[in-house]
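Asker: In the order they appear, the protein sequences are chains A and B. Heads up: the first sequence at position 130 corresponds to 130 in our numbering, and the numbers run straight through without jumps. Heads up: the second sequence at position 78 corresponds to 78 in our numbering, and the numbers run straight through without jumps.
Simulated from the structure, these hints should not be mistaken for laboratory data. Treat the hints with care, since some could be wrong.
[To be verified] DSSO-like, lysine-lysine: derived pairs with alpha carbons at most 30 Å apart:
| id | chain 1 | residue 1 | chain 2 | residue 2 |
| --- | --- | --- | --- | --- |
| 1 | B | Lys-190 | A | Lys-190 |
| 2 | B | Lys-159 | B | Lys-83 |
| 3 | B | Lys-210 | A | Lys-210 |
| 4 | B | Lys-71 | B | Lys-37 |
| 5 | B | Lys-89 | B | Lys-71 |
| 6 | A | Lys-37 | A | Lys-83 |
| 7 | B | Lys-70 | B | Lys-83 |
| 8 | B | Lys-190 | A | Lys-210 |
| 9 | B | Lys-159 | B | Lys-70 |
| 10 | B | Lys-210 | A | Lys-190 |
| 11 | B | Lys-210 | B | Lys-190 |
| 12 | B | Lys-190 | B | Lys-89 |
| 13 | A | Lys-71 | A | Lys-89 |
| 14 | A | Lys-89 | B | Lys-159 |
| 15 | B | Lys-83 | B | Lys-37 |
[What the hints assert, rightly or not] Restraint ranges, calculated between C-beta atoms of paired labels, are given here:
| id | chain 1 | residue 1 | chain 2 | residue 2 | range |
| --- | --- | --- | --- | --- | --- |
| 16 | A | Leu-74 | B | Thr-96 | 54 to 60 Å |
| 17 | B | Thr-231 | A | Glu-15 | 54 to 60 Å |
| 18 | B | Glu-51 | A | Gln-95 | 19 to 25 Å |
| 19 | A | Phe-56 | B | Asp-182 | 29 to 35 Å |
| 20 | A | Gln-69 | B | Arg-12 | 19 to 25 Å |
| 21 | B | Glu-51 | A | Gln-125 | 21 to 27 Å |
| 22 | A | Glu-8 | B | Arg-131 | 34 to 40 Å |
| 23 | A | Val-22 | B | Gln-95 | 25 to 31 Å |
| 24 | A | Ser-132 | B | Lys-70 | 38 to 44 Å |
| 25 | A | Glu-51 | B | Glu-57 | 55 to 61 Å |
[Unchecked claim] Quick look at which bits of chain A chain B covers, simulated, 3 or more residues with Cβ under 8 Å:
| id | region |
| --- | --- |
| 26 | 58 to 71 |
| 27 | 74 to 83 |
| 28 | 213 to 227 |
Predicted, not measured: the structure shown is a model, and the values here were computed from it. Where is the CB? At the ideal position from N, CA and C, for every residue including glycine.
So the chains spell out like this:
Protein chains: 2
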Amino acid sequence: MPYTELIEDRLRFMEIDENDIVELQQARQYIEPEIDKMLERFYEHILSYPEFAALFEDEESVRRARASQKKHWLEELFGGRFKSSYFNKAERIGQTHARVGLAPSWYVGSYSKMLTQFIGRICEQAQVEGRSACETVQAICKAVLLDVDLVTHCYLEAKNQAMREVLRRATQFATDMAELSDGLSDSVSKAQSAAALLAGTEAGSAEHTKRLQDLLGQIESVGEQSNAIDTRIGELQFGDRLYIEDDPSTLDRLKSRFSRD
Amino acid sequence: MPYTELIEDRLRFMEIDENDIVELQQARQYIEPEIDKMLERFYEHILSYPEFAALFEDEESVRRARASQKKHWLEELFGGRFKSSYFNKAERIGQTHARVGLAPSWYVGSYSKMLTQFIGRICEQAQVEGRSACETVQAICKAVLLDVDLVTHCYLEAKNQAMREVLRRATQFATDMAELSDGLSDSVSKAQSAAALLAGTEAGSAEHTKRLQDLLGQIESVGEQSNAIDTRIGELQFGDRLYIEDDPSTLDRLKSRFSRD
């Protein structure tokens with residue numbers, strides 16, 4: 001499905017329409033002066049959890065993440081800009097989360113802190129102006145759920161990608177083994193026939209010598225098949241080590257969970 | 001971690017406190033008279049999407065799902081009952097979604113329809129009473145995000161379980177193959193030695209006859225090792241067919257995606 005259709009489809013499913021986009025764009029003026037304080041409370045909250053704190057190397061990386069979030073909230077979400085750049089960004093965030101190992105559970109939960117602050121600010125302003133905050137709050141909730149939806153979707157896609165790769169490798173290995181095993185069985189059968197023929201000839205005869213040569217050839221062929229199996233097994237283990245190093249977020253944790261099973 | 005600690009942990013992270021629980025419980029009286037109409041609109045909306053419609057066999061199964069949702073919203077969420085029964089239920093829902101193949105993306109998106117209706121009803125009532133709906137709406141948003149969080153978490157756990165099983169089977173197969181291959185190499189080496197010794201004896205001598213018997217024995221042993229490899233490969237393929245049938249939701253779709261890759 002083309003990307004533009006996917007965007008339309010998601011917005012329609014979430015019932016995000018033109019009115020919501022106007023609501024979001026109008027809300028921006030009330031959020032913008034407060035966003036720094038909101039993000040400060042957000043990071044103070046999430047960084048008190050080791051699961052999050054572990055994701056940031058230093059103060060500088062927290063600052064970078066905060067600047068990127070500020071841009072996201074103000075320009076994308078309160079900009080009402082649900083275009084391909086927004087979807088591409090959600091995809092990158094989901095992939096990053098899959099790579100660093102931030103489960104959607106933490107991500108979804110952390111939205112609570114931003115959403116309640118947005119609602120608080122919008123309600124406060126509506127009260128001052130003596131109007132209902134309802135439609136603005138509904139629009140913000142839909143946009144936040146769209147965000148959650150997309151990042152979760154992209155996170156899962158990244159994990160599925162890793163799973164497909166494991167399945168592909170495992171399937172390829174089993175297929176190669178089946179093929180090598182067929183070759184081996186064939187060589188073994190030939191060696192067995194050659195041995196039976198040798199046993200049936202008179203020792204010292206020319207035929208005996210020829211049969212013995214045949215048998216030695218067949219045994220050599222069995223040895224080659226056996227080596228090929230050994231080599232293929234060696235490749236798999238080497239390949240798996242590489243693979244685990246390539247994607248530690250998914251597989252190392254799977255391995256460690258695995259070992260606790 | 002014990003379940004009770006997990007609950008406390010999630011509620012603390014989402015900042016759902018006693019005030020929120022009171023807000024939710026008080027909101028119930030305004031939601032309850034409207035919940036049937038809200039759910040009617042919800043199902044009308046989601047069933048217009050084939051991804052959802054395919055999940056329900058007939059009208060009766062839609063009725064059952066609707067009754068279960070009504071109970072969930074009124075008793076659990078607006079009951080403010082975030083106890084182990086609530087967490088257990090979220091776990092079952094996540095597992096069911098993984099089994100029937102309802103991706104979190106659809107699930108998260110569908111919350112939009114219920115949440116906006118809740119907000120609409122609460123704001124309407126607050127306006128009648130001339131008070132702010134802010135804290136009630138914040139409590140509902142947190143509770144809905146907790147719901148999204150838990151079901152997504154449990155869905156992912158179910159998928160990880162499937163992935164761990166694939167890894168376990170693939171690892172076991174590779175380990176078994178490595179062991180069988182060692183046995184094969186050993187037998188092949190012995191057969192090669194026996195063949196070399198045979199070739200070195202004078203045809204017709206008693207030693208020649210003995211060496212030939214030795215070699216025939218070694219070839220038989222190679223045949224047994226080769227058969228063991230063949231049997232193990234046969235088991236894997238049979239086991240995989242069974243496995244794919246056991247969990248069509250995860251693996252069949254992976255397979256079909258796989259084939260499109």
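Asker: Going straight from one Cα to the other, do B:Lys-190 and B:Lys-89 come out at no more than 30 Å?
Answerer: violated (61 Å)
Asker: Under the criterion that the straight-line Cα-Cα distance not exceed 30 Å, is the pair B:Lys-159, B:Lys-70 satisfied?
Answerer: Distance ~27 Å between B:Lys-159 and B:Lys-70 Cα, so the pair holds.
Asker: With a cut-off of 30 Å on the C-alpha distance, tell me whether B:Lys-71 and B:Lys-37 pass.
Answerer: The hint holds at about 14 Å.
Asker: Verify the proposed pairing of A:Lys-89 with B:Lys-159, using a straight-line Cα cut of 30 Å.
Answerer: holds (25 Å)
Asker: Counting residues of the region 58 to 71 of chain A that have a beta-carbon nearer than 8 Å to any beta-carbon of chain B, does the count reach 3?
Answerer: Since 0 is below three, the answer is violated.
Asker: Between A:Leu-74 and B:Thr-96, does the C-beta distance stay in 54 to 60 Å?
Answerer: violated (38 Å)
Asker: Three residues minimum, CB to CB under 8 Å: does the region 213 to 227 of chain A make the cut for coverage by chain B? Let me know.
Answerer: holds (count 8)
Asker: Is the straight-line distance between the alpha-carbon of A:Lys-37 and that of A:Lys-83 30 Å or less?
Answerer: Holds, at roughly 28 Å.
Asker: For the pair supplied as a hint, B:Lys-89 and B:Lys-71, is the alpha-carbon distance within the 30 Å limit?
Answerer: holds (12 Å)
Asker: Against the range 54 to 60 Å, how does the distance between the Cβ atoms of B:Thr-231 and A:Glu-15 compare: consistent or not?
Answerer: Hint holds: Cβ distance 58 Å, inside 54 to 60 Å.
Asker: Between the beta carbons of A:Val-22 and B:Gln-95, is the distance compatible with 25 to 31 Å?
Answerer: Check failed, 41 Å falls outside 25 to 31 Å.
Asker: If you look at each residue in the region 74 to 83 of chain A, do at least three have a Cβ nearer than 8 Å to any Cβ of chain B?
Answerer: Per the Cβ count (0), the hint is violated.
The structure does not agree with the numbered hints 12, 16, 19, 21, 23, 24, 25, 26, 27 stated previously, though it agrees with the rest.
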